[in-house]
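Protein chains: 2
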Amino acid sequence: MTQKTCSCDFTSAKGRGGKNITRLSRFKPNFSWTGIKSEEYKAEGEDWVDIVRHGLIGNQGETTKFHLRYFEIAPDGHSSFEWHNHEHVVICIRGRGICLAGKKKYQIGFLDTLYIEPKMPHQLRNPFDEPFGFFCIVNAKRDKPKKVLKA
Amino acid sequence: MTQKTCSCDFTSAKGRGGKNITRLSRFKPNFSWTGIKSEEYKAEGEDWVDIVRHGLIGNQGETTKFHLRYFEIAPDGHSSFEWHNHEHVVICIRGRGICLAGKKKYQIGFLDTLYIEPKMPHQLRNPFDEPFGFFCIVNAKRDKPKKVLKA
Chain A
1 MTQKTCSCDF
11 TSAKGRGGKN
21 ITRLSRFKPN
31 FSWTGIKSEE
41 YKAEGEDWVD
51 IVRHGLIGNQ
61 GETTKFHLRY
71 FEIAPDGHSS
81 FEWHNHEHVV
91 ICIRGRGICL
101 AGKKKYQIGF
111 LDTLYIEPKM
121 PHQLRNPFDE
131 PFGFFCIVNA
141 KRDKPKKVLK
151 A
Chain P
1 MTQKTCSCDF
11 TSAKGRGGKN
21 ITRLSRFKPN
31 FSWTGIKSEE
41 YKAEGEDWVD
51 IVRHGLIGNQ
61 GETTKFHLRY
71 FEIAPDGHSS
81 FEWHNHEHVV
91 ICIRGRGICL
101 AGKKKYQIGF
111 LDTLYIEPKM
121 PHQLRNPFDE
131 PFGFFCIVNA
141 KRDKPKKVLK
151 A
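So the protein lines, in turn, are chains A and P.
Just so you know, we're using my numbering here: the first sequence kicks off at 1 and counts up by one.
Just so you know, we're using my numbering here: the second sequence kicks off at 1 and counts up by one.
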């Protein structure tokens, strides 16, 4: 079975530009939004594939101190096991998933909201048979994730 | 009919304290979350009543540069018509509602995401017959709303 892996952060789509103007991004039943392109990332040195990210807020000229992204991890996929100084807020909106955070393991379902503290090693996993989709809110200015080797 | 009105911002529940630790706030079918108290506000000089707010992220010790709140406006309710320098990100998760932003009027349904630019006069309304519930993400440091008199 192909492992589908992603980092919980990526190089953002800088340079797309845009204007800091009011706009409605309408939700579509396939978990995409009008005016928001999905992005499949292949960051240098990363080993994940087939991961979808939608940058809802943060790369179209907004000046918010935060970015809002939607990630979807396919069945059997998972993110890197990593840590960073910045915090995560994760809100599940599709399917369900697992988050490892330190020694704890959380199952996350619809609209469950997980706060991940600074420096906490964490990994998001989808061991289920439907896509695991979630909003992830982070500070606009943030450090890069560092990988953790699991014991 | 009683008008149910709220401001799109409130004095946050400072002083509640708490620790900056990883936690899961589990969603409950009545649109509340474990560990998150609902708050009914009566700010000085405001005229709204019966409005529910849940401060999901921002008043339990988190050091994020943003706050995440859930608001619910009852049928026939609306927020103040106001503006401020900070931006809003609104994500509808319950029912539907209307947002006036400048001269534009947006209908917002499930998972539609509205970005409201700085200084834009705006008002959220619920002319429908079920609760209109939405996440609202704002910068942690932000200016107070200023009321606008409608023409």
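Hints are not guaranteed to be accurate.
The list makes no distinction among identical chains, and a pair is therefore deemed to hold if it is satisfied within one copy or across any two copies.
Said to hold, decoys possible - Subject to a maximum C-alpha distance of 27 Å in a straight line, what follows is the list of computed DSSO-like cross-link-like pairs (lysine-lysine):
hint	residue 1	residue 2
1	119	104
2	119	141
3	19	104
4	147	65
5	103	146
6	144	105
7	65	119
8	37	105
9	146	28
10	147	28
11	105	28
12	19	141
In case anyone wonders, no lab produced these hints; they're calculated from the structure.
Keep in mind the model is a prediction, meaning the values are calculated, not measured.
Copy assignment of residue 119 with residue 141, given that the CA separation must stay at most 27 Å: both (15 Å within a copy, 23 Å between copies)
Next on the checklist: Cα distance capped at 27 Å. Does residue 103 pair with residue 146 within a copy, between copies, both, or neither?
Outcome noted: within (18 Å within a copy, 46 Å between copies)
Check your understanding: What label fits residue 147 with residue 28 when the C-alpha limit is 27 Å: within, between, both, or neither?
Key -> Neither: 34 Å inside a chain and 34 Å across chains, both beyond 27 Å.
For the identical chains here, do residue 146 and residue 28 meet the 27 Å Cα criterion within one copy, between copies, both, or neither? Answer is neither; intra-copy 34 Å and inter-copy 34 Å both fail.
message: With identical chains, the pair residue 119 and residue 104 could be close in the same copy or across copies; at 27 Å between alpha carbons, which is it: within, between, both, or neither?
response: This pair counts as within: shortest intra-copy Cα distance 14 Å, inter-copy 43 Å.
My question is about residue 19 and residue 104: at a cut-off of 27 Å on alpha-carbon distance, are they close within one copy, between copies, both, or neither? between (41 Å within a copy, 17 Å between copies)
First find the shortest C-alpha distance between residue 105 and residue 28 inside one copy, then the shortest across copies, and answer within, between, both or neither for a cut-off of 27 Å. between (31 Å within a copy, 20 Å between copies)
Up to 27 Å between alpha-carbons, please classify residue 65 paired with residue 119: within, between, both or neither. both (20 Å within a copy, 16 Å between copies)
Can you give me the call for residue 37 and residue 105, within, between, both or neither, at a CA distance of at most 27 Å? between (32 Å within a copy, 24 Å between copies)
| said: With identical chains, the pair residue 147 and residue 65 could be close in the same copy or across copies; at 27 Å between alpha carbons, which is it: within, between, both, or neither? | reply: This pair counts as both: shortest intra-copy Cα distance 25 Å, inter-copy 24 Å.
Measure nothing new, just compare the shortest in-copy and cross-copy C-alpha distances for residue 19 and residue 141 to 27 Å and report within, between, both or neither. Both ways: residue 19 and residue 141 sit 19 Å apart in one copy and 22 Å across, limit 27 Å.
ask   = Checking residue 144 and residue 105: alpha-carbon separation at most 27 Å within a copy, between copies, both or neither?
value = Within. Shortest intra-copy distance 23 Å satisfies the 27 Å Cα cut-off; inter-copy 39 Å does not.
In this structure, the hints that do not hold are numbers 9 and 10, in rising order.
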